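Engineer: Chain B: place on chain A using the hints.
Read off the chains here:
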Amino acid sequence: MCKSINRPGQPTQPIFKTLRSLRILIIHPKDREGEELIRHLNRIGCQVDAVWPIPSEIEPRIDVVIIMVREDQTRQLQDLFNDGRKLGPTIIALVDYEIPTVLQAVLDIGAQAVIGKPIRPFGVLTNLVLARQNWSQENHLNGKIHKLERKVAGMKKLNLAKALLMKLHNICEEEAYKILRDQAMAKRVTTEEIASSIINANEILSAGTKIGSSVKKLKIVE
Amino acid sequence: MELSDNSPWKVGVLFSQSGVTSTVEKTQLNGTLLAIRELNEAGGILGREIKPVIYDPASNPEQHQKLAEKLLCEDDVKVIFGCYMSSTRKAVLSVIEKHNGLLFYPTLYEGFEFSNNIIYTGAAPNQNSIQLADFMMNEGGKRVYMVGSNYVYPYESNRIMKDYIRQNRGTVVEERYLSLEAGEKDFIPIIDEIKAKEPSFIFSTVVGASTAFFYQAYAEAGLDPATMPIVSLTTSEAEIMEMGIDVARGHITSAPYFETIESDVNNLFVKNYRKEFGPDAPITSGSESAYSQVRIMAKGLEQVGMRDTKILRAAVLGSEYEAPQGRIRIDPDNNHTYLWPRVGRVNAQGKFDIIGQTFSSVKPDPYLVFPHHNDWSMQHFHVHDQKYVQVH
Numbered sequence: 001m002c003k004s005i006n007r008p009g010q011p012t013q014p015i016f017k018t019l020r021s022l023r024i025l026i027i028h029p030k031d032r033e034g035e036e037l038i039r040h041l042n043r044i045g046c047q048v049d050a051v052w053p054i055p056s057e058i059e060p061r062i063d064v065v066i067i068m069v070r071e072d073q074t075r076q077l078q079d080l081f082n083d084g085r086k087l088g089p090t091i092i093a094l095v096d097y098e099i100p101t102v103l104q105a106v107l108d109i110g111a112q113a114v115i116g117k118p119i120r121p122f123g124v125l126t127n128l129v130l131a132r133q134n135w136s137q138e139n140h141l142n143g144k145i146h147k148l149e150r151k152v153a154g155m156k157k158l159n160l161a162k163a164l165l166m167k168l169h170n171i172c173e174e175e176a177y178k179i180l181r182d183q184a185m186a187k188r189v190t191t192e193e194i195a196s197s198i199i200n201a202n203e204i205l206s207a208g209t210k211i212g213s214s215v216k217k218l219k220i221v222e
Numbered sequence: 001m002e003l004s005d006n007s008p009w010k011v012g013v014l015f016s017q018s019g020v021t022s023t024v025e026k027t028q029l030n031g032t033l034l035a036i037r038e039l040n041e042a043g044g045i046l047g048r049e050i051k052p053v054i055y056d057p058a059s060n061p062e063q064h065q066k067l068a069e070k071l072l073c074e075d076d077v078k079v080i081f082g083c084y085m086s087s088t089r090k091a092v093l094s095v096i097e098k099h100n101g102l103l104f105y106p107t108l109y110e111g112f113e114f115s116n117n118i119i120y121t122g123a124a125p126n127q128n129s130i131q132l133a134d135f136m137m138n139e140g141g142k143r144v145y146m147v148g149s150n151y152v153y154p155y156e157s158n159r160i161m162k163d164y165i166r167q168n169r170g171t172v173v174e175e176r177y178l179s180l181e182a183g184e185k186d187f188i189p190i191i192d193e194i195k196a197k198e199p200s201f202i203f204s205t206v207v208g209a210s211t212a213f214f215y216q217a218y219a220e221a222g223l224d225p226a227t228m229p230i231v232s233l234t235t236s237e238a239e240i241m242e243m244g245i246d247v248a249r250g251h252i253t254s255a256p257y258f259e260t261i262e263s264d265v266n267n268l269f270v271k272n273y274r275k276e277f278g279p280d281a282p283i284t285s286g287s288e289s290a291y292s293q294v295r296i297m298a299k300g301l302e303q304v305g306m307r308d309t310k311i312l313r314a315a316v317l318g319s320e321y322e323a324p325q326g327r328i329r330i331d332p333d334n335n336h337t338y339l340w341p342r343v344g345r346v347n348a349q350g351k352f353d354i355i356g357q358t359f360s361s362v363k364p365d366p367y368l369v370f371p372h373h374n375d376w377s378m379q380h381f382h383v384h385d386q387k388y389v390q391v392h
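As you go down the protein sequences, you meet chains A and B in turn.
At position 177 of the first sequence the residue is numbered 177 (the working numbering), and the sequence of numbers has no breaks.
At position 8 of the second sequence the residue is numbered 8 (the working numbering), and the sequence of numbers has no breaks.
Hints are supplied without guarantee of correctness; some may be wrong.
[What the hints assert, rightly or not] In silico lysine-lysine, BS3-like type, Cα no more than 30 Å apart, as pairs:
1) A:K178 / A:K147
2) A:K17 / B:K185
3) B:K90 / A:K17
4) A:K157 / A:K147
5) A:K30 / B:K310
6) A:K17 / B:K142
7) B:K98 / A:K117
8) A:K117 / B:K310
9) A:K117 / B:K90
10) A:K117 / B:K70
11) B:K78 / A:K117
12) A:K30 / B:K197
13) B:K185 / B:K197
[Claimed, not checked] One side only, chain A facing chain B, incomplete, derived with CB under 7 Å:
14) F16
15) I44
16) K117
17) P118
18) P121
If you are wondering where the hints come from, they were derived from the structure by calculation, not from laboratory data.
The structure presented is a predicted model; accordingly, all values stated were derived computationally and were not measured.
Note that CB positions come from ideal geometry on N, CA and C, so glycine has one too.
So that you can see chain A by itself, here it is in the shape it has in the complex (with noise of 0.2 Å):
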């Protein structure tokens, strides 16, 4: 009989309301196929701007790269995409041959979605909602990633410092952990950073010594 379908008044993903704002590149020869997916990008309400043959880079003001991915150009993609910037552009790969050659370059250069030739209207909005979404959840997760990197080794930092204190000082993990932090508030800088100082120290003065072979054991404990 009746039902209800979406839980009511739940919104549309954001993700929707900045695809007006995108500003796309298109790489793609001057044709009657590339000209017809500005048109449709424009009836979307992207800001489009188009290129050929393939620049030697991407602006950092473009959104969202689409590119024609052939088989004879995987060297100059290549170069375009991995220039070593940490936030590229959402990659958007157009392919006519679903050939591995292809299909590898499209991988290489990252892309998150593909779209196939001939292009039809129907589809582009789809992948390039798609792509966004996939674009920017691997920003998001690529930044969790990089956060609990950095956490982890400023743990293994911290271990170490206390250890090397435990065993100077023979004191217990919590009162060494206190000397890391006591030190940290007093010189207003980071218990990492202080757990940084004392390992450096360690280093330089026990070179050769029965405590730096000591502390190599404890790093591989770890």
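Structural biologist: Relative to the frame of chain A, chain B by itself:
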């Protein structure tokens, strides 16, 4: 080659004369036939008569697809006028693209489509939904109950409406979907829920024969349009005739055309329509789009003298026509049409009193995902009657 030929221009016509949406589609068929009759009486196009090949696709997507294929392959037709529900347009889309024909679609829909082989002459959401939402937010309170038929148009229309309502700090108290075949009994729990939730208005995207059942159930429950109107984009003069004037009175619809528009062009259109189809024949926004799109096609055909899709389309895109609703134009950017948004309320004669309208046509924006309160579509929209609750 085609110029030397004196055979008629054949065109396909696909409006359902049976099935759930036949009431309104018959008014679109009428609009189409009136335009063809007038053109033929004036000598045809370049001396050649227009000959419609008419089928009844029975409100059914598969039938639409099958008959569109027949028109394009067996009947040697290039141009088809037709379709009401989006499901039927989608069914025709693949066929019309495959055979490179041209479909003229005279119905409001939810947007988010573009095909090189379709000319869309009904309203996109930025030409009816947001005017209605804005009008109701200003005049009718902010608690909204939504009920619709279970297919693509109601879901997307509701999404647009919800975003707009949220921006204006309104709330959606409930959202329900019923089968396209829903009968009188199916609306009883809906009416009970409406009574319990007491919304400030009801947004209905119920289409076809169910529409009358819903409004009738509302009237029987003793609910009052003066305090809690049903507002819609699809309830037209045809559905009003089906449900009865007493049932329809006081409810609100947003559309680019109402029969009551005061203009010489419209007066003539109404007069000719009535002469052709009888004094009581309902004239809907769909009739008017169906009529105007034949005129626009004819104008293009006259210009180029051949029915090759690519050439005819080029002539149609960007062309203008003095339609009963006002001057319209096919937007070459997206194949949709510049239209004149209006809001009407059903009066004691079962006609729409126009209570809000634009004073210039609005460019279609079929890919408008997120309508803003200050969207340019709204810039010229004027409300005539601040107290919409007063029923004349």
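Engineer: Does each hint fit the structure? Answer for all of them.
Structural biologist: Against the structure, the hints come out as follows:
no.	hint	in the structure
1	A:K178 / A:K147	holds (25 Å)
2	A:K17 / B:K185	violated (40 Å)
3	B:K90 / A:K17	holds (26 Å)
4	A:K157 / A:K147	holds (16 Å)
5	A:K30 / B:K310	holds (21 Å)
6	A:K17 / B:K142	holds (23 Å)
7	B:K98 / A:K117	holds (16 Å)
8	A:K117 / B:K310	holds (21 Å)
9	A:K117 / B:K90	holds (21 Å)
10	A:K117 / B:K70	holds (29 Å)
11	B:K78 / A:K117	holds (26 Å)
12	A:K30 / B:K197	violated (57 Å)
13	B:K185 / B:K197	holds (20 Å)
14	F16	holds (4 Å)
15	I44	holds (5 Å)
16	K117	violated (16 Å)
17	P118	violated (12 Å)
18	P121	holds (5 Å)
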